[in-house]
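K.L.:
What follows is each chain in one-letter form.
2 protein chains.
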Amino acid sequence: MTGRLDIVGLGPGPRRWFTLETEEILAGASDVIGYHSYIDRLEPLAGQVFHGSDNRVEIDRARFALELAASGKKVAVISGGDPGIFAMAAAVFEAVEQGDRSWRDLDITVHPGVSAMLAAAARLGAPLGHDFCVLSLSDNLKPWSLVEKRLRAAAGGDYVMAIYNPASKARPRQIHDAFELLRELRPANSIVVFARAIGREDEQVTLTNLAEADPSIADMSTLVLIGSSATRRIDERWIYTPRGFS
Amino acid sequence: MTGRLDIVGLGPGPRRWFTLETEEILAGASDVIGYHSYIDRLEPLAGQVFHGSDNRVEIDRARFALELAASGKKVAVISGGDPGIFAMAAAVFEAVEQGDRSWRDLDITVHPGVSAMLAAAARLGAPLGHDFCVLSLSDNLKPWSLVEKRLRAAAGGDYVMAIYNPASKARPRQIHDAFELLRELRPANSIVVFARAIGREDEQVTLTNLAEADPSIADMSTLVLIGSSATRRIDERWIYTPRGFS
Chain A
1 MTGRLDIVGL GPGPRRWFTL ETEEILAGAS DVIGYHSYID RLEPLAGQVF HGSDNRVEID
61 RARFALELAA SGKKVAVISG GDPGIFAMAA AVFEAVEQGD RSWRDLDITV HPGVSAMLAA
121 AARLGAPLGH DFCVLSLSDN LKPWSLVEKR LRAAAGGDYV MAIYNPASKA RPRQIHDAFE
181 LLRELRPANS IVVFARAIGR EDEQVTLTNL AEADPSIADM STLVLIGSSA TRRIDERWIY
241 TPRGFS
Chain B
1 MTGRLDIVGL GPGPRRWFTL ETEEILAGAS DVIGYHSYID RLEPLAGQVF HGSDNRVEID
61 RARFALELAA SGKKVAVISG GDPGIFAMAA AVFEAVEQGD RSWRDLDITV HPGVSAMLAA
121 AARLGAPLGH DFCVLSLSDN LKPWSLVEKR LRAAAGGDYV MAIYNPASKA RPRQIHDAFE
181 LLRELRPANS IVVFARAIGR EDEQVTLTNL AEADPSIADM STLVLIGSSA TRRIDERWIY
241 TPRGFS
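Read top to bottom, the protein sequences are chains A and B. Anchor point for the first sequence: position 9 equals 9 in our numbering, and the numbering is continuous, going up by one each time. Anchor point for the second sequence: position 196 equals 196 in our numbering, and the numbering is continuous, going up by one each time.
No lab work stands behind these hints: they were computed from the structure. Heads up, some of the hints might be wrong.
Pairs count within a copy or across copies, as identical chains cannot be separated in the list.
[Stated by the list, open to error] Below, simulated SDA-like cross-link-like pairs (lysine to any residue); rule was C-alpha separation at most 20 Å, straight line:
1) Lys-142 to Arg-232
2) Lys-149 to Pro-187
3) Lys-73 to Arg-63
4) Lys-149 to Leu-185
5) Lys-149 to Ala-230
6) Lys-142 to Pro-242
7) Lys-149 to Gly-244
8) Lys-142 to Leu-68
9) Lys-142 to Arg-15
10) Lys-142 to Gly-244
11) Lys-149 to Pro-242
12) Lys-169 to Gln-48
Construct all of the structure, not just a fragment, from the sequences and the given hints.
P.N.:
Here's what the structure looks like:
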């Protein structure tokens with residue numbers, strides 16, 4: 001038996017956001033590897049082994065998955081959302097590059113999924129209907145100076161922004177610093193959305209603007225959207241960024 | 001009977017990239033509305049009416065969909081990829097805002113899907129594994145000066161870039177102008193990918209760098225990816241952007 005490694009995303013919410021391909025891969029996997037919270041969303045099939053692990057150990061998890069695949073298993077590595085957006089695919093390739101050279105010959109496939117930003121955007125209307133930037137506020141793995149540089153660049157380019165990892169218990173401060181900076185760079189009436197746990201039972205959407213936004217409501221399950229100068233609001237329900245500037 | 005309007009994305013490629021939700025919506029729709037090329041990927045069910053239209057008439061198509069929904073039909077508006085990324089969702093909300101006020105009370109839902117950039121990224125590894133910008137080069141609906149400003153901002157912020165609509169028969173020049181500008185702003189060895197028709201039979205991937213890239217190979221089915229300073233290549237097969245800067 002030849003092993004293989006499939007990297008899939010469960011989407012950010014309900015099973016109906018799985019792709020048909022993700023369903024297939026999960027049905028055919030001998031081993032499923034991922035962060036506990038994502039593993040807990042699945043039911044193991046007969047003979048299938050689930051390997052849950054803590055957050056923040058992505059590289060160890062990736063190496064373990066590669067070892068299992070090299071030993072002949074059919075391994076599915078799972079992420080929430082899409083596996084390529086601030087998720088496991090990058091960790092796996094980091095492990096491939098740094099690891100045993102034989103890992104480069106493994107049968108590895110990344111399968112696209114529904115990312116949290118697409119789900120949040122859909123829930124709100126079409127805020128990402130035009131040019132946008134996607135960035136993580138986490139400075140666990142990059143210096144804050146780079147986050148700041150990218151916030152300045154995105155604001156200067158009048159991009160819509162989708163901000164991942166705005167805050168965590170260990171990093172309560174970044175989102176406040178980011179908003180302080182954005183308030184210097186963007187108009188006070190810029191549309192701001194805190195889209196929390198979209199598609200899940202505890203989903204919460206807060207639609208506000210840059211002047212009135214309270215960044216302390218953001219947590220690790222929140223995606224923050226900041227409108228460009230063109231982003232518009234329809235009543236209290238929808239926001240969208242038009243396809244053009246008229 | 002009360003009408004409704006569901007805005008769904010078919011993904012950029014095969015049916016296995018549909019979400020389960022998209023399958024459900026298409027199965028329950030009385031009327032399916034979209035660009036001919038996307039409509040042609042589906043088989044009408046018994047009693048279902050397909051309304052194909054030309055490209056570049058998004059607003060007319062959106063109004064027609066809203067009228068049908070207002071008349072009591074269960075309407076699915078389809079896009080390729082995700083409906084919120086340079087696609088029909090923005091056109092529908094533009095039509096809602098400008099149209100009959102009663103349209104605001106319609107039951108409208110946007111359903112996320114697999115976007116072309118996520119599929120292209122998955123095919124290549126994990127190029128979007130860290131901060132990135134997404135922009136369209138089309139100046140049909142926005143001035144070229146804004147495209148240029150955003151290219152400069154993205155380059156200045158050392159973002160990975162995902163470039164939609166790089167060229168068309170009517171706009172062969174933009175991608176050349178964009179590359180001329182990017183060559184001033186980014187190192188010559190920046191990774192460049194032309195990801196054409198990913199997931200379709202005529203899929204083609206060209207992995208190169210900024211100095212050697214030939215932008216004339218880009219067409220309307222091509223997504224162009226430009227790496228950041230951190231984006232890495234593993235042999236001739238994979239590219240990824242690490243989760244951090246070490």
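K.L.:
Quick one: which hint numbers does this structure break? Sort them smallest to largest.
P.N.:
8, 9 and 12
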